[in-house]
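**Student:** We have chain A already, so just place chains B and C on it with the hints.
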Amino acid sequence: MIRRRKSKACALAALCLCVPLAAGAQAGAAQTHPATTRTPAGISGTINWWGWTPTDSAEANAEIASFNKVYPNIKVNFKLITIANYVTAMRPALVSGEGPDLFELQPGAYVTEFNSFATNMAPVAAQALGSNWQSKIAPSGVSGFTYNGKLIALSVGSVYAGTLWINDDLFKKYNLSPPTTLAQWVSVCKTFKADGVGCFVQGNETEGFLQDTLQSITNSVQPGLWTAASRGQADWNSPGIVKALTIWKGLFSDGIMEPGSLGVQQYPDGNNEFLTGKYAMIMMGTWYTANVTKSGLTSALQAAGASSPKPFPILPVAFPNVAGHPSAMYGDADYGLAVYNKSKNTAAAETFAKWLATSSPGQQYVANQLEDLPSLKSVTPNYAAAGIVDPSLQLSAVKNLAASVGSVTEPRELLLSSAMQMGNGGILSAAQGVATGSETPQAAANALQKAAVASGVKFK
Amino acid sequence: MMFEVSKRWKRILLQVVVTIMVLPYLFPIIVMLQGSLAGEGFENYKAVAEVPGFARFFINSAIISVSVIALVYVCAMLASFGFAKLRLFGREVYFWMLLACLTLPEVVLLAPLFTTDQKLNLYNTYWAVILPLAALQIPFAVLLTRNFISGLPTELFEAVRVDGAGPVRTFRHLIVPLTRPIAAAVIIFTLIAAWNDYLMPLVFEQATNMQTITLVPQFFIGEFNDDQTKILASAVVTAIPEIVAYLGLQRLFERGLTAGAVK
Amino acid sequence: MAMVRQGLGDHSGEAPASPLSGRPRRRGVKVASGLPWILPALVLCVGLIYYCIGYTGLISTWNWDGISPNPQHVGFGNYTQLFHDPLFWGAVRHTVVFFAVTFTVQTFLGLTFAVLLHSRIRLAVVYKVIIFIPVVLAPAIMAPVFRAMLAPGGQFNEVLQHVELGSLAQPWIGQTSTALPALMAITIWQFTGFTFVLYYAAMSQIDQSVLEAARLDGAGNLKVITRFVWPSVAGTTFALATLSVIGALKTFDIPWLVTQAGPDYATNFFGTYIYQEIIQLDNVGYGAALSIVLLMIAVIFGVVLQLWRSRRALS
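Protein chains in written order, with the working numbering: chain A, 1 to 460; chain B, 461 to 723; chain C, 724 to 1038.
Among the hints, a few may not be true.
Chain B stretches covered by chain C per the calculated footprint, using a threshold of three residues with CB under 8 angstroms from any CB of chain C [claimed, not checked]: (1) 468–478; (2) 494–502; (3) 505–519; (4) 590–602; (5) 641–653.
Which bits of chain C does chain A cover? Going by a derived footprint, with three or more residues having C-beta under 8 angstroms, they are [what the hints assert, rightly or not]: (6) 787–798; (7) 869–878; (8) 1003–1014.
Derived from the structure by calculation, the hints contain no laboratory data. For clarity, every value in this text was computed on a predicted model and none was experimentally measured. Cβ coordinates follow ideal geometry from the N, Cα and C atoms, glycine included.
Isolated chain A, as found in the complex:
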């Protein structure tokens, strides 16, 4: 099988690395699924790919275009479904037998719900990377998508949380350094607010980010407790969680959390407030790295409504040590590609999944977006070509952040069911109840335990 392969030198790191991997992947693919006709020129067909990311259709088309350089006979149609509508649109489609060939999954609730529609991707990963494929991709990518022993999706990239990002210009203006303890946090906020500048913005109307804050607080109270409780190895109403909820309430009464934050959504409200300089701090994770580049921040600023956007340096800082221990980061796969078990063209779907999730060019493309940390360990983002706003200030911080995730062991979404997150008595209910004062931290913790038991978690 001889294929003409073009070797391009990378002008923009985004698209054009060499593809020695393709030959190996292709040779491997020929052995498995007999359903599709295989010609020497490669697998062919049209596949439908549904997902919530990438949004930017230019980005999706660019990904598909560079995929087509290697596999010109596979046509990929991307359909965008936002996360808000994802389950609504996917469930009927998958149940009906007419679903997309390739669909995206996130660890946790989506995996629990849709795993029965996904084929086993472990053999596909093995074809692509060899029998020791597990050692070549980030562990969060494997654990996040393993369900009942089956690898139901190939992780494309991971995200980690447990950090704060600060507006460095604002901190310098008021001669402040990022807080490392709760007391410092309170005092920093006092200083900002005295001058009418917002201190810390957070969208507490929805579950996602207040879960992160609670997890980070708990990690500082008692490292490992949150994960243990999520696994049923500790109770949700143990003193550590109650203390965490008390500290959470304290954030409101001590002037760190805004009283109106229960009516704010992180995206777009909170994000826009931070980017337009109205607040000095926001709790975001590694995905926020995309905003350290001039182009990324400029378009984000324009999206936030700034007509003459001036990019400013943002820096990641560790979550303050609010209760005695450094608060460890946590994270899991951001999204993965699953192949529909009723697809009529599984080979083509698997080829694309392999390309995006396990091949160097695909993963390099993902890495260079700076939103996800690539699944393939051997790939690192091309920071030089990214155009960082202030490299002398930000480059080392960003690189350290990316390096630090290697030691992360705790998941973020993986262990929590949707009932635990958003059901009656769940995390959203507990956090909001405590924040509004309608529940004491102990009562909220008891409700959490009850919800966990009701959702099927087995406690020892």
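**Tutor:** Here is chains B and C on its own, set in the frame of chain A:
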């Protein structure tokens, strides 16, 4: 003329009162317009128009909306005439059977409608969206139109019947012209419901070239970003045909009883 | 008085002998059957939607996640759970308050605008368009606008400060006490145009000569409106009441998109609760049971309204 205002100062007062009353409605609209022009200004509108397939989405929305309106108008007019003026055993039972269709939230309808679509091979066609939308709008249209027809002066119907007109002629020559005001209202509200619906096209249309204009804002909602400015711009663009339709149909609201219809 | 259109000449139930029923006419023509006329509507709606209702009724007796091929049959278990569910009763409370306030205010405002704009007002078209625009704007898109407007630092509080009411400035959607009123205000903003259009159309049917006659008799503007205009649009008011009941029961977009049924379930409605159970928590059976209860409440209220109306018609 509802308010008879002879004196000039009363007229001015009236104008001022209406203006003050309308301000709270105007305020969010202005905020929205400002938002749509923030950031890149008119480039936002350009970006909206440049969403791949935008023209196609617009056409799909138009096709679906026009079909729904036609279906709703015909079925609702026929039905409300039947309910309001003709002999019907179990009239209220039928009426409430129809109205019960309005009560289910849309999200509950998706799964069973999906199965229905598949069995009838309608998945990914226009009908998959047109039929449910019409079915959801007809009861509402019947409710309004029946009420309106009941309010038409019975003398007119008397006169026509004395002349020997059967129901069909009565319908054509009396009902259709006289119900123009309420028909205009029904058309407008059906247009809004059909044009703004986003769940059904999302779930029932698989191919991107079957999608409607309500899909456009999604192109600006990412996992880690949310371009409000362009979303607002797309809202403005989506709203314009509806407002134009309203302005066009508006004069129909103003027609009083036209005696000429009886002839 | 004979020429005033009461708008109540409907054949609901026990109306006395009216021209189009029963009594033989000169040529012995009986009133035609309405059945073939209502058939197209019935076939389309009942055919399409009743399958959905039946399906929903069936799965309301299951404990099901919407996907697994082996749902657990629990009979009326979901319904008993429902009646003990504080969130269900919370939704009922919120719906009642929501309906009472929004219906009253929307009707009043829609009627007032219709009356005012039927009078000699300059540039009436501009006002009509402004009131109407909120009706066409998708809630999904306006929600972030409203969140920003009602935020502690948002435009609404700014305006309050400008008019010396700054002490009232608060996080309107961030606290349980004001979240529901805020949503009701947004709903009223959105749907006044709807009631306005309907009242405007109904008023255009009023015979001007009757109003003239009344004025000649010395009736002032207010009397004209309360004694003549209001009764003649009664049919529209009842229709709007029916639609408002159903709308309040089904309301989803605004509470979900602006406050996500929060904070802390303060703005939980049937619509949001059903959505949450079916889509977010995969309790499809329970969500279906909630939908059936919603349907029954809607039909009961609608029939009650209808009976009340026909009683009034007779008196």
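**Student:** For every hint, state whether the structure bears it out.
**Tutor:** Now the hints, each set against the structure:
no. : hint      : verdict
1   : 468–478   : holds (count 5)
2   : 494–502   : violated (count 1)
3   : 505–519   : violated (count 0)
4   : 590–602   : holds (count 9)
5   : 641–653   : holds (count 7)
6   : 787–798   : holds (count 4)
7   : 869–878   : holds (count 6)
8   : 1003–1014 : holds (count 3)
Of the numbered hints stated above, those contradicted by the structure are hints 2 and 3, listed in ascending order.
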